[in-house]
Amino acid sequence: MICSSAIRRRGFLSRNFLVGLVLFILCAGFAIHRQALYLANMRPYRPYLTINLIPGTRSNQVIKAAALGYDDFLSVFLWLRSIQDFGGQFRDPFALESQANAFWSITALQPLFTEAYDFGGLVIGDEGGSLNIWGSRVRPVEEQEQGWQFVNSMEEARQRADAMNEQALALFEHGIESDPDHFRHAYNAVYTSVSGLHDPRRAVPYAEVATLRPDCPDWVAGTIPYLQGRSGEHRIAMALWFARLREAISARSDLQIGINMRKIAEDGVNAWNCQTLTAALSLWSGMHGRALPDSLDQLVTDGFLTFDPEDVLASIELWRAAHSTTDPPPDLQTLVVEGFFPADPENPPEPLAFFDYIRFLDDVRRLQETTSQFETIREADLNLEMYLTVQGRIPDCPLNAWYIHSGDAQMLERMQRIGPFSYMVDHRDSRVWDTNRLFEDTARDLVSLRRRLSNYHGSHDQWPETLDELFPEGESAPVERGTGLPFIYDPADGTVHCRTFPALNGEINETMMGPPRPVDEGG
Amino acid sequence: MDNVIVTQHLSKIYVQDFLTFESGRPRLNLRRETKRREALRDLNLEVRRGEIFGLIGPNGAGKTTAIKILMGIHFPTRGSAKILGRPLGDKWAKAQIGYLPENPYFYDYLTGGEFLDYYGRLYGMGRSQRRAKIPELLERVGLTASVSIPLRGYSKGMLQRIGIAQALLNDPEIVVLDEPQSGLDPIGRKEIRDIILSLREQGKTVFFSSHILQDAEMICDRVGILHLGDLVKIGRLEELLTAQVSEFEIVASGMRAEAIAEVERTSKRTLRRADDVLFIIERRGDADAALAKISACGGTLLSFTPRKETLEDIFLKQVGRGTREVAGASRGEVA
Amino acid sequence: MDKVFAIAQNTFKEAIRNRVMYVILVFAILFILTGVVVKDLTIAAHGLVIRAIGLWAINVFGLILALLLGIGLVYTELDKKTIYTIVSKPIDRWQFLLGKYLGLLLTLYLIVVVMSAVFLVEIHLLNRQIQDPHFGLAMLMSLKAIFLGCVELAVVVAFALLFSSFSSPVLSGFMTLMVIVAGRLNEDIERFAQKIIAGFEGGGEVAKQGFLAGMAFLRDPATGATIFDQIKFLFAKGTALVFPNFELFNARTLALHFDTVDVNILKMITVSTSDALIYAVPYTASVLLLAMFLFGRRNFR
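Chains as they are written, first to last, in my numbering: chain A, 1 to 523; chain B, 1 to 335; chain C, 1 to 301.
Looking at chain A on its own, in the form it has when it is part of the complex:
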């Protein structure tokens, strides 16, 4: 009785209390309901719980939890510190490992910090991955906080450089994971893979990821066939280029037609030719000691290249005539089975890739005919394509590409100028060379050498002991400087010649040296 009256007095049953209670239940219930919804649809990425942390540390998680919602401010704070550590007044260039850690913390705190990925990748990958004293040539002194020392060997430097590039790649992967709206992290990873790690094969998936991002420009897709070709997947590269070429034709885009045809010619056909021929020549020279075949034809006659490109083209024409069509045959196997191409159908010739290329080549010719009314592509147009500048960085770009670049000849004519290929046993680089080009370069070098020799004989009245005496101190010998082929010198009579090109043993005339070329093109 007392209890109930007390309750009434305290207002548990009063109107105000009941209204308040109902309001409270409604408000609190609704708020908790919203919160439950929110938690159920929690943002899929606040990825610090899943990121691959640098081994041995869990500091990023701790920092993230301790930031209590001020992740942004803390990430900016660490960002400023990192920049000052790297390039500011507290510069310590040898602490790039700690820089890597710092950028991991920054991007763990704020996964959308785009600048941190860019700059972090630049610092860790480009700086740390370079083989100079600001990069991997020095390392911190062990068990000491300060100080640095040179690494023991170039091999160690390379390992350190690779490790830093791997860390940069890991950072970009974090960016790819955290920021699904931008292509740049993936494209940065492509760049680091190609120019830092020299591993185009590894760059392909990054490029593919980049093309899936909503802000990805069209030209990124163009890098994929290039990367495929660079990593030896010429068949895939060519297929992709041709697909793009067909798209360009149906869209009547002059620029894209030109670009893709150029790509097919330079990076597709030439590179593929080089690869195929290199393989055949390696096989041939492996079986014949160090001797070279007299010509590529010999490879064919000896069965290392069991085809003749012109034969295939001729076969295709025959097949077309027989089927009254302008379409190319579906594949080489059809030609073989139907007897248009002399090969064993059960045992088709290797590498098949080469034959498929021929089919594509035929496509090119036909496409060229249908699109010849379009304007010629200008060099300036190509500069819009960012990845062409990446190509410039690649050291072993096929020489043939230079032919394609120079002059205003029609695409097909340029492709026809692609000369015979040679595998030069004496050459310091074991790969296939454009024979015409190499011949012309050697002729120039020989003319230059002979001029120096006659000058020397004029002033000393005798021939030098070695060719090195012709060159002042510090100037490298012609074998180092020139085409890469060794010269044979006879001190008795002062004659010099090149074993690879017997044609140059005699008088060298203007036509042998080929058309004049800019100096920087020289091999």
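Hints may contain errors.
Listed below are the simulated DSBU-like cross-link pairs for lysine-lysine, each with C-alpha atoms no more than 30 Å apart in a straight line [stated by the list, open to error]:
| id | chain 1 | residue 1 | chain 2 | residue 2 |
| --- | --- | --- | --- | --- |
| 1 | B | Lys268 | B | Lys308 |
| 2 | A | Lys64 | C | Lys267 |
| 3 | C | Lys13 | B | Lys156 |
| 4 | C | Lys80 | B | Lys82 |
| 5 | C | Lys81 | B | Lys82 |
| 6 | B | Lys190 | C | Lys80 |
| 7 | C | Lys80 | B | Lys133 |
| 8 | A | Lys64 | C | Lys195 |
| 9 | C | Lys13 | C | Lys81 |
| 10 | C | Lys3 | B | Lys133 |
| 11 | B | Lys156 | C | Lys80 |
| 12 | B | Lys190 | B | Lys308 |
| 13 | B | Lys133 | B | Lys91 |
| 14 | B | Lys233 | B | Lys268 |
| 15 | B | Lys82 | B | Lys133 |
| 16 | C | Lys13 | B | Lys91 |
| 17 | B | Lys156 | C | Lys3 |
| 18 | C | Lys13 | B | Lys133 |
| 19 | B | Lys190 | B | Lys156 |
| 20 | C | Lys13 | C | Lys3 |
| 21 | C | Lys3 | B | Lys91 |
| 22 | B | Lys190 | B | Lys317 |
| 23 | B | Lys293 | B | Lys268 |
Just so you know, the hints here were simulated from the structure itself, not pulled from any lab data.
Guided by the hints, dock chains B and C onto chain A, whose structure is given.
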């Protein structure tokens, strides 16, 4: 309806907090029952319209508790009360009350004018109403000159006066004053007294508490005496104070020793200072005899004062069994 | 309602005439202005750095002031017994509390407006050097972040009021701080709760060994979770649900790292704002109702 405040069995038991601090150390008070303190027990009183009612008692008697319950600051543990026929906490009833707490402290960052304006808004007064009323009140409590001084610059007496001003803002039916005169100098006390008396002239009911009995005696119509939470006496002051003389004070000098001894036999108390003697004699016959004796023995009568019963006497009679201090200490302080 | 506004106005006056507030405001403004110097320390993302510092300062100093002013809000009135004269006036206790709440919120919003004005003028002037191509968008998103920060303040002040309505300033300050911490870790607590459950879906066998093996009768045979684990889960889940989700009011990330590729301004403004408001309004209301309930039944000393 004659009774403006009626309380029935109003009781308040304080229970100590779950977490208490004893000499600076926190202590969990798990056995809460042992810390119950009964501050007010079965208070039944009525205050009639237009009278001045004084609630008197020693410190800790429960005066302030009773007022706080009436004002809605505390909730009663038991019992109920009605103000102007409405239950406790009724907003209409509250609008008819002006209240001045004990030792009032107001927002010291406000000036006197702002303070009254704020409280006027709390009473729901309109802007024009406030503009008319506030200067009038300031005039009445004599603070017109201090209207724009922040309250932190006010003296204790000024604070008490502005407190009364805020209690009169709404032209209340009932004015409740908790120890309005404590801590004031004699002039301040007189001013407050005058204000209370003028309120009665206006027909307001004044309900106030005090432990200063002389003040209460001077102005009250009725009083209630609280002691240790119990209402021990309530009634009209005239009823409580009998008209009869309760004792006589006789001061004489130059008396011989045997005469003093003779008078001392009938005297309740005798005090000697040098040549002077003070007798306190209860019965009239004894007093006459003493006067005769003084003149007979050649002494000089310095003064003769018949003393009536005072509120203090009644109070002490009721509280009786001990001094105030002892009574207060026996149950601890009641806020 | 005029009574509520009268109390709000008085609370506002009390705060405005408090010198401590000005000291903190000056510090906040100085902190915001450090962006002028700090921007020279970075080599890219200048605008980002300045905005990060400014928005951080506005948020943190807003919260500090909310705590400092909020925890003493009711206590001062009780301590100085001014509440006696207020309660005896013809107003309800909830009106008093609501007035106090609105007054403090008004004060805080005024301070935020002052800080924001300094901040916006700063970034506007600095943008003459930086030449951010997306400056307009950055400014808009900063305003949005500040606005959501104000919503956050509304929740924090409600909690400060709730605690201050029944405990001492130190204690209520501590409790409000804990609410902020728990609210900011809301998502982590939810993940923890999910981890408890996930641990028994995949790793039930492990849990059946060791100390808990003897308590098989307490175990849910379906998942292998013991009753203790279920209590743990319910506790974590309940914490995540009941505490305010401050992550909803954090638009600072958006103000720093917004998408400049596919700009849809209307969407960028509304995307989380509506969610935050739909959540904050009933949440704050329920906290205030709780505070009113506790306060309405309180004896004042």
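Outcome of the hint check:
| no. | hint | in the structure |
| --- | --- | --- |
| 1 | Lys268(B) x Lys308(B) | holds (16 Å) |
| 2 | Lys64(A) x Lys267(C) | holds (28 Å) |
| 3 | Lys13(C) x Lys156(B) | holds (23 Å) |
| 4 | Lys80(C) x Lys82(B) | holds (28 Å) |
| 5 | Lys81(C) x Lys82(B) | holds (24 Å) |
| 6 | Lys190(B) x Lys80(C) | holds (27 Å) |
| 7 | Lys80(C) x Lys133(B) | holds (27 Å) |
| 8 | Lys64(A) x Lys195(C) | holds (18 Å) |
| 9 | Lys13(C) x Lys81(C) | holds (18 Å) |
| 10 | Lys3(C) x Lys133(B) | holds (18 Å) |
| 11 | Lys156(B) x Lys80(C) | holds (15 Å) |
| 12 | Lys190(B) x Lys308(B) | holds (23 Å) |
| 13 | Lys133(B) x Lys91(B) | holds (21 Å) |
| 14 | Lys233(B) x Lys268(B) | holds (26 Å) |
| 15 | Lys82(B) x Lys133(B) | holds (29 Å) |
| 16 | Lys13(C) x Lys91(B) | holds (26 Å) |
| 17 | Lys156(B) x Lys3(C) | holds (28 Å) |
| 18 | Lys13(C) x Lys133(B) | holds (23 Å) |
| 19 | Lys190(B) x Lys156(B) | holds (15 Å) |
| 20 | Lys13(C) x Lys3(C) | holds (15 Å) |
| 21 | Lys3(C) x Lys91(B) | holds (13 Å) |
| 22 | Lys190(B) x Lys317(B) | holds (27 Å) |
| 23 | Lys293(B) x Lys268(B) | holds (17 Å) |
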